[in-house]
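Asks: Residue strings, one per chain:
4 protein chains.
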Amino acid sequence: MVDKYSENQIQEALQELNAACESPWQIRDAKLCKQFKFANFSRAFGFMSSVALLAERADHHPEWFNVYNRVEIELTTHEADGISHRDFDLATKIEALLS
Amino acid sequence: MVDKYSENQIQEALQELNAACESPWQIRDAKLCKQFKFANFSRAFGFMSSVALLAERADHHPEWFNVYNRVEIELTTHEADGISHRDFDLATKIEALLS
Amino acid sequence: MVDKYSENQIQEALQELNAACESPWQIRDAKLCKQFKFANFSRAFGFMSSVALLAERADHHPEWFNVYNRVEIELTTHEADGISHRDFDLATKIEALLS
Amino acid sequence: MVDKYSENQIQEALQELNAACESPWQIRDAKLCKQFKFANFSRAFGFMSSVALLAERADHHPEWFNVYNRVEIELTTHEADGISHRDFDLATKIEALLS
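Residue numbers (my numbering), protein chains in the order written: chain A, 1 to 99; chain B, 1 to 99; chain C, 1 to 99; chain D, 1 to 99.
To be clear, the hints were calculated from the coordinates, so they are not data collected in a lab.
Be careful, since some hints might not be right.
Which copy is meant is left open, so a pair is good if it fits within one copy or across any two.
The calculated DSS-like cross-link candidates involving lysine-lysine, where the alpha carbons are at most 30 Å apart (straight line), are [said to hold, decoys possible]:
{"id": "1", "residue 1": "93", "residue 2": "37"}
{"id": "2", "residue 1": "34", "residue 2": "93"}
{"id": "3", "residue 1": "4", "residue 2": "34"}
Taking the hints into account, I'd like the entire structure generated from these sequences.
Replies: Below you can see the structure in the form of structure tokens.
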């Protein structure tokens, strides 16, 4: 069982996550969200393939949208009915792909 | 330059496309749309990888959304400001992946 | 720690695996091997993406080769210095992708 | 029809290609070859997905091998029975993915 983060926990974890990011993740509709832009579709989909593998490994899958060079990722934890450490863990690994 | 299909052309092409599909493509907001469901994320993302290659080959990229085993594809032709033969061509190739 | 299968265990597991396959897996150089052919590169790489996700989930990665529509997969368990149940587990999941 | 590069053309193109690379491409068995290493499988397969899209776009597909974080790419032009500008074009695009 995974516990839902409180508003305070979310803000603290968000600050820590974004300290290492060029552009910030945001909270929207109880989801941890970020939009990524790449040079072209080939790079965007390569990124998505890496994220897919991270997600499958963590058994925690994003809601995501892509068109051409743009990828929008939304993370939430359904069983916790909100945002949990699992969302921040995956976001941290996603960011590491870009460094 | 790619011409936008008229309403009649769309309905005719849609009927032809759907004749070969188990579940139908639909027109929504001037886009050719379909939702696909798979057994799990691994199969859904394998399908997406094949679609990505078809799209790159055709230089015509979908707007698409995925969560776990569900993939939603929307096709439109920006330069034609509507639906064109390019959308139906790609949809036909996408369907062929599932046959 | 994963135990290496004995020659008898390998033959038994191989028979069980191949009972469900159109074309057989084989043992070569202490690896569980099979070559797959697809209609084109798009389908071959879609298959590879699904296999990549299965492999990452199992934390057990294939040695594999691709050219165009052909995929050659070799499975072995380095820590067991031979073939183990992990290779047969992954092969079974790979076959399930094609059914 | 694509012409096979002469030995001189290959050496010239190879020098130009490698001027921009951290580690060099090499000629082996009339193929343009390089081995790539990544932090883990997730990154290696993300790279492969991008390369797959470049290859499909160019309709020129690599012979490649992967195990975990290692990717070996071999490029040759079958219709030219040797190395051609198509191999150097794809290698240049592959290198651009890493910059």
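Asks: Which hint numbers doesn't this structure obey?
Replies: none
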